[in-house]
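Chemist: Take the sequences, apply the hints, and build the full model.
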Amino acid sequence: MNILVCLSHVPDTTTKVKFVDGKELNKTGVQWIINPWDELALTRALELKEGSGRKIKKVTVVNVGPKTTEPTIRKALAIGADNAIRINKEPLDAFSVANEILEVINKGDYQLIFTGIESSDYNSNSVGGILADLVGINSVSAVSGVDFENDSFKIKREIDGGYELVNVVLPAVLTVQKGIAINPRIPAMRGIMMAKRKPLQVVEPCNVEPLLEYVGYEMPKAKAACKYVETANELIDLLHNEAKVI
Amino acid sequence: MILIYTENWDGKFKKLTYELVSYGSELAKQLNTNVVALSIGMVEDAELKTLGKYGASKVISINNDKLNTFDTQTYSTIISQIAERESANTIIIANNNIGKAISPRLSAKLKAGLVSGVENLPTSIAPFTVQKKVFTGKAYANIVIKSDIKILTLFQNSFGIIEADKDIEIENYNPADINLGTTVLETHKAGGKLLLGDAEIVVSGGRGMKTAENWKPIEELAELLGAGTACSRPVSDEGWRPHDEHVGQTGKIIAPNLYFAFGISGAIQHLGGVSSSKCIVAVNTDKDAPIFEAANYGLIGDARTILPEMIAAITKLKNS
Ligand SMILES: Cc1cc2nc3c(=O)[nH]c(=O)nc-3n(C[C@H](O)[C@H](O)[C@H](O)COP(=O)(O)OP(=O)(O)OC[C@H]3O[C@@H](n4cnc5c(N)ncnc54)[C@H](O)[C@@H]3O)c2cc1C
Ligand SMILES: Nc1ncnc2c1ncn2[C@@H]1O[C@H](COP(=O)(O)O)[C@@H](O)[C@H]1O
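Taken in order, these protein sequences are the chains called G and A. Read left to right, the first sequence gives residues 1 to 246 (this note's numbering). Read left to right, the second sequence gives residues 1001 to 1320 (this note's numbering).
Hints were generated in silico from the structure; no laboratory data involved. Quick caveat, the model's predicted, so the values are computed rather than measured. Note that CB positions come from ideal geometry on N, CA and C, so glycine has one too. There is no bait here: all hints are sound.
Taking lysine-lysine pairs in the DSSO-like style, the calculated list, with each CA pair at most 27 Å apart, reads: (1) G/16 x A/1278; (2) A/1049 x A/1012; (3) A/1029 x A/1053; (4) G/154 x A/1189; (5) G/107 x A/1109; (6) A/1109 x G/89; (7) A/1029 x A/1146; (8) G/227 x A/1210; (9) G/244 x A/1014; (10) A/1316 x G/227.
If you want the footprint, here are the derived chain A segments under chain G, 3+ residues with CB under 8 Å: (11) 1065-1078; (12) 1096-1109; (13) 1140-1154; (14) 1177-1184; (15) 1288-1298.
Modeler: Okay, structure coming up:
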């Protein structure tokens, strides 16, 4: 049994984003990271493997991206992934990215596929579900926990006002969010050394046409300066009479 | 035709449902078409008919016990069958847990471009262009959907409700062979609590509140205002508050009319979850806290002394 973790390569969450002519992200000075959800998914995948008594054999990571994403992929190997696949293509939209990953799944033998609920750059919330449908397998969304018990996965998913524990027919895609792991694993020195020797396979894309085109970017309108008040009474008065929100 | 998936909660619709239908009806005017709602689950006819008040001309109702289990594959298969049968060219779904689960699968089944979390009507119909927040709220992207069928998920509390009385027809539909891939083993649900996404006012606290015990006045203020309660990430990590209250990039993203931030510094990851609030009030001891850059109203001071004063002021207002 193997696990695949899909990695999106995104700007660090504290990046002050800027655009070139409002057309594309200005990459100057941007620090790149593994999308936070994917880092947690990888952490949990490794924990599951280690706790499975060798039943889970391999944790593979996959990224659709140009060569510049390789440091991010190497970090995942340093954290503990066994091998990596990079599909050599600039990601254009979720549909085309999912179609590229489909090829990897068709050629591999993965029981569980992890994706994040969203990537912190385009926030499209899409790749996991599209991928599951293209492969024709089940998917569980809003997954906040997963355990391996008696050769099957017990999945915790968030619902309005609570959570459910579910089983799903495998293979399946799990779209993960808060709770899947508490803190991401940090690569240790040994991991970093070993990562250099782990396989990072580069495959050529199948180039499915995207359904979306990102045509431009705008910054949010500057908001009015904060109005400072001295007392609680004054605040409540303004909220009632000026903002009319209470 | 515009198809709207209208989820129900114990047989009832919510404001968010009517917001979806309102959005669909306004879009239908631009596209010169009509709005059909799809409801799955046990919903009385009287409740289904309320969708007409916001402009739906038909509702297709599916009621089958097997569908009490939410199985992503099954739900999206049914919705795509209806979309094809009705020749839907646009599908609108809520940007909530269920909507986020279904919409990408529909996108794949119908080869329909999906834009999630829109807040406004398209800026152009040809080419079909919508705007959405990207980089966790730091910018907007203009996105052209190139496919024939378009799918949008609507960000809750962003569009509002518009009444448009329409005669509405109810059609019952029975899907063929339902094959569930998901088995629910246990359900844990805290009853009665106002869901954060539904709350029009949210009272939130950060690490500046110092201890779990200090949440009493936050809860009291929320109760007084009929508000939901929220917190920053370290607060839920510490276990001072339950995880479902955590807002921000890695927690819930909300857009209430009024958001109170008590003892919250306003880190960029926190703001990513609350910056769409229509009005933000910050109470913080540090005049340089970044939260004040995002706030509409600010009070520099100790939240623990200001909270009781606010409670007293609101009580007075309510009694006047
Ligand atoms: C990848 C990533 C994702 C993250 N996601 C989130 C997220 O989703 N949500 C989130 O909230 N954070 C998130 N964070 C953490 C975020 O960076 C901040 O650390 C966090 O928001 C700080 O929480 P805080 O404002 O409660 O605490 P602090 O930063 O410690 O701020 C406490 C504030 O309280 C004020 N204060 C102190 N005493 C008082 C008093 N008596 N009265 C009034 N004010 C007082 C202080 O001046 C200070 O401004 C994330 C971080 C990373 C790296
Ligand atoms: N370029 C990519 N390569 C591999 N996986 C991706 C890529 N983009 C997104 N994903 C996966 O899909 C999830 C959701 O991303 P998105 O649909 O883009 O918001 C991410 O958390 C990743 O797991």
